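Enquirer: Position chain D against the provided structure of chain F, taking the given hints into account.
If you read the protein sequences in the order shown, they are chains F and D.
Quick note, the first sequence lines up with residues 286 to 729 if you use the working numbering.
Quick note, the second sequence lines up with residues 6 to 324 if you use the working numbering.
By construction, these hints were calculated from the structure, which means they are not laboratory data.
Where hints are given, some of them may not hold.
Unchecked claim - Chain F side only, calculated, beta carbon under 10 Å to chain D, not exhaustive:
#	residue
1	Phe657
2	Pro661
3	Pro726
4	Leu727
These numbers were taken from a predicted model, which means no experiment stands behind them.
A virtual CB, placed ideally from N, CA and C, is assigned to each residue, including glycine.
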Amino acid sequence: MDSQTVGASFSRRGVLGMTGGAAIAAALAACSSSGGSKSGGGGGGGKSLKFWNMPWGGTAFNPLDKKITLAYKPASGLPSATYQEIQWANFTQTFASAIASRTGPAVSSGGGTQAFQFAHQGQIAYADNLLDSWKKNGIYDDFFPGLVDTMKTDKGYAGVPYNLDVRVSWYNKSLLAKAGVEPPTTWAEYENVCAKLKKIGVYGFGLGAGTGNNIMAHILTAFMINNGGGLFNAKQEPDCASDANVEAVEFVLGLVKKGYSDPAAATYTTANVYAQWTAKKFGMGWDTAGAAVSVGGAVAKDMVVGVPLASTSGKKGGLYFPNNIMMYTNTPSQKGSEAFLTYYFQTMKSLWTQNTGIGLPPLKSITTTSQFKADPNSVKIVDDWQPIFKTWAAPGGTGLFYNIANTVDGTAPMNNFAQSILGGKVSAKAALSTLQSAIEPLMT
Amino acid sequence: MASSSTGALVRARKGVGVGGRGRPPGSVRRKRRSRFARVFAIFALPSVALLLLLNLYPVIYAALQSFRNGSLIDSGTFVGLRNYTGILHDPAFWHAARFTLVFTLVGVFGSWAIGLALALLLRTRIPGRSIFKVLLLLPWVVPVVVSATSWNWLVATPQSPMSRLFSALGFGNVLFLADPLLAQILVCVFKVWISFPFMMMMMSSALASVDVNVYEAAKIDGAGKWQTFREITLPMISRSTYISWVLMTIFCVNDFPTIFLLTGGGPVRATQSLVVMAYLTVFANFQTGPGVAIAFLMTIVLVAIATLLYRQIRKVDIE
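Bound conformation, chain F alone:
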């Protein structure tokens, strides 16, 4: 009896196990086949060319982007294009696993340094020929000056600039008026504005460094670049504790120690930061081009982009991230990839003119449209900030490179560095030396 009971029990479990196994196997098979059919064939080797794009803007972005992509009519013998939206969640793994299994895209956007990482793996089709062809049809000259060079590596251009993610200063014009100060143009004036704002209970160095919020790390780098410094030398090696950097970080530490920054900012998420803008506790701060839209409400109307500040030495500079589109070696046709990108860059204007929420455009012609000019903050960024922006590679170079992703772009050492400065209990030299020793082992 016992054995029969146990036997029956185990046989039920066995059957359940087999059923479950069959279900999982079927689900896996279904997933793999659906993925294949969706993308129009295995890897880039099918008949269609796979274009993967990220959700760069609001809900209107990807539908319009898909429409543009699917409207592509290739020349005879070249592949048509399919469209796939890739979510930001775990996007590195999404791309890495797809590319490793040769099921990845032929053309994609992605993380700002993704092209350089995959170029390091030999997976990127360099864009030199494409850019040569764009010199003939006017697209090349339409890029902002110096922008294409940010994509240049020793082996060629890893991608083409697509949209610009920028870090700029913002101020609340009502609060500045209440404090009786004009927007600053130099570091000294900025300190004065902060002091005046403090008198009305408002912080002038408004930003955060909490979970998922890398703005403070970016702004510290921006201040270094502003002062003629930056994190990497010409050999693309970290050079954090340079005199220019120490001076810049000392200036920021001064702002913190004088109480011009929110004492709780070290752990502020972006939501906390925007809540402080809404609560009118931040009168001036540093953020992305979309800060006013993100804050929303009545305060958004008062938020104005400031001008780039001149450092003590009179230099100007800022940090931006030229997001890009890259081509992969795994493509049904390299000519097809290039032809599609040419079409895409000639027709993508509506992504900006229809206000889909994508970052700033890489092409000058888009910034001359009436729709773009309707936003004075965007115009100010293009006119005043764009010419002085530099990348992570400053001061040593202009082009991005492989090691940026694993050393400074959203990494733990950069976040610790940012939080330690906002804590105000370190010296500039010590914090920069700690950063240097933390990122050196991450170089590969």
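Expert: Same frame as chain F, now just chain D:
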């Protein structure tokens, strides 16, 4: 024949008729066992294969990764034990290990103490007991993303309700998340808050299994409340207590969302546990080797702790 009648008598003593279902003779039993083993193996095979595929393969792959210097997009080259020695010489690892220990001790014993106290309280006949039970379960039931966001709202800025309350009570500008020590305390308190309902349920079910006659006997013998609790209640629920400690230890050591959603491991690594450190090493610094090595070291320690506690459970069972 004799042996057959002896067998029949034995079966009869066991209350089973001669022709009934008593224990079969040895050879039949062996045959039956062997047939059962074969059937068992056949039926278990798909499940075992799936388990191996879904669990063992990733573990082996991860173990191999811990000996390589790969990234998220590259498997890297073999570096031997360098990842392990590097981690063990990193002060950040030991800081994370210390915080994990504190977080786990507070999480396990804090939630157990509160859970047990509430379980004892809910045994008494108080009005609205069922409503209290449901309300007390909420911290466990609500998704941690929601509760972490709520706690962030409560404490993140100087204008947050808790910050204003403490300020009104004369504590000044209390920076719950920005001050390293306060952030550590807050994360531990948050863990206790979301975990005590689980302990309460475990202890409630354990207490329900204690025979009320034992308490009555103790009362007759003149035992006081504290003595009854210490000498009867605690020993009688010790098995469930040890099991809940084992489970909560695993929950605490492996707890990623509680810490990450509230502080991200900051400020400046103050609340960085080993699991958060492993995550940041792999997904922020793109160092899969050291990240997986941290996870493996964690697993080894966790298995050791779980083994010790299970031995304690077995000891209790024997006693």
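Enquirer: If a hint holds in the structure, say so; if it does not, say that too.
Expert: Evaluation of the provided hints:
1. Phe657: violated (35 Å)
2. Pro661: Because about 30 Å separates F:Pro661 from the closest Cβ in chain D, which is outside the 10 Å limit, the hint is violated.
3. Pro726: This hint holds: F:Pro726 lies near chain D, its Cβ roughly 8 Å from the closest one there, short of 10 Å.
4. Leu727: Result: holds, 6 Å to nearest chain D Cβ.
In summary, the structure is inconsistent with hints 1, 2 from the numbered list given earlier, while agreeing with the others.
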